[in-house]
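Novice: The primary structure of each chain is shown beneath.
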Amino acid sequence: MKDDKKEKLLQEVRSIVSQCDRCGSCLPVCPLFREKDVEASSARGKNNIARALIQGGLELTPDVLSAVNFCLLCRACVDICPSKIKTDEAMMSVRQHFADKQGGASIKYKAMGGMLKSRPLVKLASGSLKVLRKIGLNRLIPGGMIPDQYTRKQFLAAFAGPAALAGPAPASTVSLSPETKVAYFQGCGMRMMFPDAVSDTLAILQTVTKPAVVDNLCCGLPHVAHGLREEFLEMAKENMRLFANADVIVSDCASCSGTLKHIAGYFKDDPAWKDRAAEFSAKIMDLTEYLVKAGYQPRLRTNATLTFHEPCHLGRGQGIKNQPRELLKAAGNYVEMSGADTCCGGAGSFHIDYPDISAGILDKKRKNIEKTGAQIVVTECPVCLVQMNKAAEKSGGKFRAMHISQVI
Amino acid sequence: MITNEIKEKIRAVVGPENALDSNLDLFGYSYDSSFIPLLPANKPDFVVRPLTTAEVAEVMKIAYANDIPVTPRGAASGRTGGSVPLAGGIALSLDRMTNVIELDEPNMMITVEPGVRTIDLYNLCAEKGLFYPPDPASWKFSTIGGNVAENAGGMRAVKYGVTTNYVMGLEVVLADGTILNTGGKALKNVTGYNLTSLFTGSEGTLGIITKIILRLIPMPKVRNTLQLMFPSLDEACSTIHKMLQSGVVPAAAELMDKIGLQAVARTRKLDIDPNTEACVVIEIDADDEAGLDKQAQQIDVIAHEFNVTEVRIAKSFQESEDIWAIRRGLSSAVGAMAPTRFGEDISVPRSEFPEMVRRIRKISEKHNLVIAVYGHAGDGNLHPSVLCDLTVPGEEERVHKAVDEIFAEALAVGGTLSGEHGIGITKRAYITDALGEAGVNALKAVKRAFDPKGLLNPGKIW
Ligand SMILES: Cc1cc2nc3c(=O)[nH]c(=O)nc-3n(C[C@H](O)[C@H](O)[C@H](O)COP(=O)(O)OP(=O)(O)OC[C@H]3O[C@@H](n4cnc5c(N)ncnc54)[C@H](O)[C@@H]3O)c2cc1C
Ligand code: SF4
Ligand code: SF4
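Listed in order, the protein sequences are those of chains H and Y.
Just so you know, the first sequence maps onto residues 1 to 408 in our numbering.
Just so you know, the second sequence maps onto residues 1001 to 1462 in our numbering.
Just so you know, these hints were derived from the structure itself, not from any lab.
Some hints could be false.
No farther apart than 27 Å at their CA atoms in a straight line, the calculated lysine-lysine pairs in the BS3-like style are these [said to hold, decoys possible]: (1) H/Lys-5 / H/Lys-274; (2) H/Lys-367 / Y/Lys-1128; (3) Y/Lys-1128 / H/Lys-364; (4) H/Lys-329 / H/Lys-367; (5) Y/Lys-1185 / Y/Lys-1159; (6) Y/Lys-1128 / H/Lys-371; (7) H/Lys-36 / Y/Lys-1007; (8) Y/Lys-1009 / H/Lys-36; (9) H/Lys-101 / H/Lys-6; (10) Y/Lys-1211 / Y/Lys-1188; (11) Y/Lys-1269 / H/Lys-283; (12) H/Lys-84 / Y/Lys-1258; (13) H/Lys-293 / H/Lys-283; (14) H/Lys-321 / Y/Lys-1315; (15) H/Lys-5 / H/Lys-268; (16) Y/Lys-1007 / H/Lys-293; (17) H/Lys-36 / Y/Lys-1211; (18) Y/Lys-1401 / Y/Lys-1258; (19) Y/Lys-1447 / Y/Lys-1211; (20) Y/Lys-1315 / Y/Lys-1128; (21) H/Lys-268 / Y/Lys-1269; (22) H/Lys-181 / H/Lys-101; (23) H/Lys-84 / Y/Lys-1269.
Bound conformation, chain Y alone (with noise of 0.2 Å):
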């Protein structure tokens, strides 16, 4: 509960039409697009939309001072409910904080608000001939303040890693309101404890970012995009395995099963051949075409050692985007194929991404489940997707058991139970097996640190 006065001061500063508190609303920041339930309705008791760090840190005052819990939010495509406000509360939706703060072209680093979307900035920088290069699936509409909160994870992972290793420097409103600056455009910075890396992947459980400094690379000149196709899954992993040992490393090596495959077949109604069980999309970049070329060939070479049964070398940027879109629109294909799913993200070393997937079939059989799996096989981050029927009787209690049981091969595999989607709401009652009593209890004393009284974020990662 919001008490009127409280919410009139709220309202004061952020502006009227800026916070809202119709039930509608609320239903409307209730949910994101983790499987958690839609109703019962997790709603705020207000939400509030600031547009400057000022109005962020006046917010956050106010809620310290009423213990109010607060919940940031982005553009909520998080897929593990992040920025569901479990605990009431403000929802503070910072979507519309999307200012470009400065290029810095001589630096190569981009200073930019919470609000902005991934793919505005990439293109930003692009234009420049400057390359940003994490690109999660969702880069079209998530917001770089989600991306950084999550540490999210893009295709081009195996190549040039994750959102942390761009993140120079953050600006975090803390719980208390205290505006906290960290790391800078200094490229070497051993000053204190790195608190950039440890802000970034907090869920929003630790501060409210409000601006991002963002390291960029030189554009890779050149790009093209292959598509194989295997019949066996083994055969795919060994490829990418070889690809990598030889030193062919793609900028993206993404994997997916046959059940993912001919969802994707049906929704674009493309034709593939019910042979195939593998699939991998490969994109490779380069100074130069003959680089390319070398590449390509070199990909070719392997991938035959392997029994691939189709190399398609994209001819053109249409014929790239028209690979990519298979990809892209996976995850709802599959998703798409019943009436519920459970998606899961889990992260393997990356010799062990076969072993896992066929630690996946057994548990599938086993609990008479359609599971699809995919993912970036280049980096061993594998998503699998549990197909399911909730209305069928004693199909839920099955569905948990071959989560469960995914999560403990990941870990007896040697993996862990997110690699990019964080631990949000999903995956929390995993994170002891994962950390162990005494990693969670660090994590929760880090928390204490920096939000003493438990208002950011409540309910997630443990």
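In isolation and in its complexed conformation, chain H is listed as follows (with noise of 0.2 Å):
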């Protein structure tokens, strides 16, 4: 059984990489490569390196973890990549692999899928953040990462002067048949940083339906990107059993809503779950796609100058391209910055395992930022979002980074 797993899962590493014909499409996209520019760093260079270890030209080396670990999983190289390798997959499963014949993750990524696993924990750590420090995680929130919260009340007080005001946004048009029961999931960092934005998520669905408040778990993006497969797959039934009679879920979260999508893949291959997971992984929306077929308007729309983030998730992951700037356009002036859907940097934990190069790339995303003179940058994610305000730290004022939903 075990090893029938373990063929399985090289499997799935050996038919994606496999296709790689090395052209090298990829080189200029990967944002990795651009801060550190050998080959190993690159898309290329990690899917042969994936092949040569699958067909025994490179052994199950730290310096090979260390190269597929170094991954953003942003999909810019499956984006352009001719053949749409999924270099993402492909690293998540060596990562998995590499956990498997070690006989589990690294100590460092279990106890954070350990935290992340459990309810009381995240809820804990959105109290106080001291189980983390407690667990040796503080990092995870390092200084001037329990972000100044900017918060939507801040922001009206500071751009929705009366001079500037054009008048409430017209009323909204949502008309959602009584029968759509919709549900928020709650997402971990969204949980444990941004409370304000999740108490703004909440506020807006509101006008437009009654969302049910499930207590669930992590979407466990963490553990299946480092090699905590089991984890994942116990936490997804464990989520589709507690959202069993929502016809639509709704994020707020790029990085939730995209893995839960993509849950139904995970279980293609398990009788018993296959169906409950691809009707589970139908029924999530990311909130401004959700927003936008409900016909939501903004609040209020503003005189500040505001551009966007986009989250490698949401974009690359779900294709949710136009909805949030829709909204933003009705929000208030809206900017478009260049490389608006380069990966920040952040990626889950990347920006703690890899400071340096996670600060060369976000230093680019705040020069595109500055460049469009905006004064907030938007996002729809908290590890983004977390760099965003480590970059509006930077500029020195310049521009500050809220939550979509603070804004619309």
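Now that you have both chains on their own, put them together as the hints suggest.
Specialist: Here you go:
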């Protein structure tokens, strides 16, 4: 059985990476290759490392492990690749393979995974963040990362002054069928770090529906990304049970919605869960996707200049590009930044594992934000938001960072 | 083997972070985009990434003094194994040399270092209304140094020629570290042998190119893209020939057969009529819209003489891009059809294009292999792709026979082994058939003159 699983995992990797013809199209787009331009950083490099690993050309050594960990899972390479090689999935599977082989994921990821798996711990963390410090994960929330949350109240005070006010946005035209049961999926990152944004999301949702608030588990992305696939599958099952009654499940975290939409794929060979998983994934909607579909109009139009950092898991992950921009255009003066869809270097815990590289990537992002002259950079993922907060701080107050719920 | 002492010397020249020798890094510089198997890996002993000509010269001096082979490398997008360090030694990666030294507008010339990506060079010139035409399909990621070393061609070759038609002068570091300058900005130049064109296409076997002077032309004011669908390959080719004979010279005329077309259709989720046997993508350019319209009309009329089933004239930039995306995605879409693809690059007299395709079809039937064919129909350069699964017993042998026969047929119709990808490792075996003993001996004599110790990119071309 165990061997079976191992074989399946390797087969998954093989079927992806053997399709790479090493053309090099992905070299210029990988944010990591831009920071550290040696072959092993690029998608081409990593896919071929994986291929050599499977075919016996490379051993499972620590530097091979760091190479497969050195990936933002941002999918910029997948997007440009003529053969659509899923480097991100291959890397996740190789990480899993390493974890299985070594009898489990590294202590660090296990601790993080274990914490995020536990509802009480996540809640505790959101209360005090003490737990994180206690288990040595305080760097997940390093200094300056306990973001000085710029609240909607402060935002309105600054930008919605009567002089600039173009009047309240037109009344929302939502007409949801009363039968549609909408539930809110609360991501761990949002819960722990941006409780104000969560309140804003719920406030918005309440204007168009009666969102059920479910005490859900983590979406499992940190687990599946770092060799804790069993945990991921377990939590997915529990979440499926918890949301069995909902027709639509909305999340204001792009990574959660992206991951949950992909759950179906992970269960496609499991006869007992296959159908439920497919049904579950089909119910998932990203917040802006849902709001636009529901005809939501921003509560207020302000005179703030806004720009959008597109989370990888939203744009490339779910193909949701227009919706957030549409909402932002109605909420203020929208300016598109160049490279809006380039990864910010946050990527789960990547910014903790590789602070320098991550900072280099973020610096490019910051410059692009500054070039737009925007006062607020808006995004829709807690890890991106942490990064945007760091960029805002570095910019010396040229702009601030906010979750989209706080702006629309 | 390179001793630690020598490594230290090289590290002192380029900086320790630019001299790599971990097993993983050596592996990363062991392959290119050719079908040479990934394993066993052709690892170099040392990866060296210089930043300046002076550093290159220093590294070459050390290599020369210690008989260390050196294989230059750009982006490793080469299709024939050119940058694969067959003999180990140093993989000399030039991708950090990315300075644009000068854009000389009055003389319409640009001087760049070899690591500049072709597309960046193109864009820089375009901003000033200047045009660098050679556009290999790999231009978004390949380096200009690699383009010069392979004398890369592109889709615009039919009207504007290939890389060598634009190279005016080079700075080259020779095997012993001597810095040589060839050519220059003078448009007329018959002072001594034309070393510039000798180094262009030399595949890294004669010297390391460290600076390149390129000629530019004024950017055509307007361009447009057409897509033509035909019920047969012959009719597609005839259309292109008739166009050229009538003086309608497209900036590009790309032809793809049904196998390739359906492969792109699958990867790009397009719906393409299964009765379409050939698709031609044409780019036209002119000084004004009227000029474009006139050419489009002429092409439309000619195509209809040859039973064209669909003429699509792009109405927007986006539509142009969509059409080009079909052509650009072709190579990889075809590659994804089977576990292994042997992509070839042969060139025949333009008139022989349909005949060559017919001969390839026969080879395909004879050996029971799927062979997709596409190429630059405007200039007779075609890329047959043999699709196969080498794990099937006997398949490898059939593939090799088929490839041998393709080359033989190409030579038989008056063509040659390589239109643009070079010889590298993958076509070495056929070089004598193409050039004859005397031809190969002449190449070897040139090689000996520049690289008596045989250190530069050993194991390539013959
Ligand atoms: C998808 C795809 C499409 C392609 N389409 C085309 C096409 O349309 N037309 C075409 O001509 N080619 C094409 N190619 C082939 C390839 O991109 C070209 O040969 C390109 O010029 C190689 O550039 P590079 O920087 O990747 O060089 P590399 O592959 O790194 O090196 C190529 C050769 O040049 C030598 N070299 C590199 N830099 C230097 C230098 N500074 N000094 C001396 N020698 C050097 C190397 O030793 C090697 O022999 C394609 C490849 C791919 C993957
Ligand atoms: S673009 Fe795709 S096929 Fe090309 S090297 Fe990158 S992963 Fe491989
Ligand atoms: S997913 Fe992103 S970081 Fe990872 S290889 Fe692809 S482009 Fe690079």
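Novice: A separate judgement is required for each hint: does it hold in the structure or not?
Specialist: Quick rundown of the hints versus the structure:
1. Between H/Lys-5 and H/Lys-274 the CA atoms are separated by roughly 17 Å; this keeps the pair inside 27 Å, and the hint holds.
2. Distance check on the hinted pair: H/Lys-367 and Y/Lys-1128 sit about 25 Å apart at the alpha-carbon level, within 27 Å; holds.
3. Taken as a hint, the Y/Lys-1128 and H/Lys-364 pair is honoured in the structure, with Cα atoms around 26 Å apart against an allowance of 27 Å.
4. The suggested pairing of H/Lys-329 with H/Lys-367 holds, with an alpha-carbon distance near 22 Å, which does not exceed 27 Å.
5. Between the alpha carbons of Y/Lys-1185 and Y/Lys-1159 the distance comes to roughly 23 Å, so the proposed pair stays at or under 27 Å and holds.
6. Using a Cα cut-off of 27 Å, the hinted pair Y/Lys-1128 and H/Lys-371 holds, with the two alpha carbons roughly 23 Å apart.
7. Distance hint between H/Lys-36 and Y/Lys-1007 is fulfilled; the C-alpha atoms sit about 22 Å from each other, no more than 27 Å.
8. With a C-alpha separation of about 24 Å, the suggested pairing of Y/Lys-1009 with H/Lys-36 holds against the 27 Å cut-off.
9. Pair hint H/Lys-101 plus H/Lys-6 holds up; C-alpha atoms about 9 Å apart against a cutoff of 27 Å.
10. For the given pair, Y/Lys-1211 sits about 20 Å from Y/Lys-1188 by alpha-carbon distance, which is consistent with the 27 Å threshold.
11. Restraint check for Y/Lys-1269 and H/Lys-283: satisfied, since their Cα atoms lie roughly 25 Å apart, inside the 27 Å limit.
12. For the suggested pair H/Lys-84 and Y/Lys-1258, the alpha carbons sit about 21 Å apart, so the restraint of at most 27 Å is met.
13. In summary, the hint linking H/Lys-293 to H/Lys-283 is supported, as the alpha carbons are separated by about 14 Å, within the 27 Å threshold.
14. At roughly 25 Å between alpha-carbon atoms, H/Lys-321 and Y/Lys-1315 fall within 27 Å of each other, so this suggested pair holds.
15. For the given pair, H/Lys-5 sits about 14 Å from H/Lys-268 by alpha-carbon distance, which is consistent with the 27 Å threshold.
16. The straight-line distance between the Cα atoms of Y/Lys-1007 and H/Lys-293 is roughly 62 Å, outside the 27 Å bound, and the hint therefore fails.
17. With a C-alpha separation of about 24 Å, the suggested pair H/Lys-36 and Y/Lys-1211 falls inside the 27 Å cut-off, and the hint holds.
18. For the hint pairing Y/Lys-1401 with Y/Lys-1258, the CA-to-CA distance comes to about 23 Å; that is within 27 Å, so the pair holds.
19. For the hint pairing Y/Lys-1447 with Y/Lys-1211, the CA-to-CA distance comes to about 21 Å; that is within 27 Å, so the pair holds.
20. Taken as a hint, the Y/Lys-1315 and Y/Lys-1128 pair is honoured in the structure, with Cα atoms around 26 Å apart against an allowance of 27 Å.
21. A distance of roughly 23 Å separates the Cα atoms of H/Lys-268 and Y/Lys-1269; the hinted pair therefore holds under the 27 Å criterion.
22. At most 27 Å may separate the alpha-carbon atoms for a hinted pair to count; H/Lys-181 and H/Lys-101 exceed this at roughly 43 Å.
23. Taking the CA atoms of H/Lys-84 and Y/Lys-1269, the gap is near 12 Å; set against the 27 Å cutoff, the hint holds.
The earlier numbered hints that this structure contradicts are 16, 22.
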